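S.K.: Let the sequences and hints guide you as you build the complete structure.
Okay, so the sequence shown: first residue is 79 according to the numbering used here, each after it adds one.
A couple of the hints might just be wrong.
[What the hints assert, rightly or not] Cβ-Cβ distance ranges computed for the label pairs, FRET-style:
1. Thr122 x Leu92: 43 to 49 Å
2. Lys97 x Leu118: 30 to 36 Å
3. Lys117 x Cys86: 44 to 50 Å
4. Asn91 x Ser113: 31 to 37 Å
5. Thr122 x Gln87: 49 to 55 Å
Just so you know, these hints were derived from the structure itself, not from any lab.
Keep in mind that this is a model prediction, so the values were computed, not measured.
Glycine is no exception: its CB is placed at the ideal position from the N, C-alpha and C atoms.
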Amino acid sequence: MFYIEKRCQHTRNLEVETKFQKEELMRSIHIKQYSALIKLMTSTCGSE
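M.R.: Okay, here's the thing in structure tokens:
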């Protein structure tokens, strides 16, 4: 019985970890896209 409880807890922890990793990934992708957008805007403004 204890073993099953422990396994469920581990699975729950894994789900939380995966969710956190997804959020981190989305954040880093967003930052990259944002900096690329700024570069694009500054380059078009600079050329005019």
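S.K.: Could you work out which of the previously given hints the structure breaks and list their numbers from low to high?
M.R.: Violated hints: none at all, because every hint is consistent with the structure.
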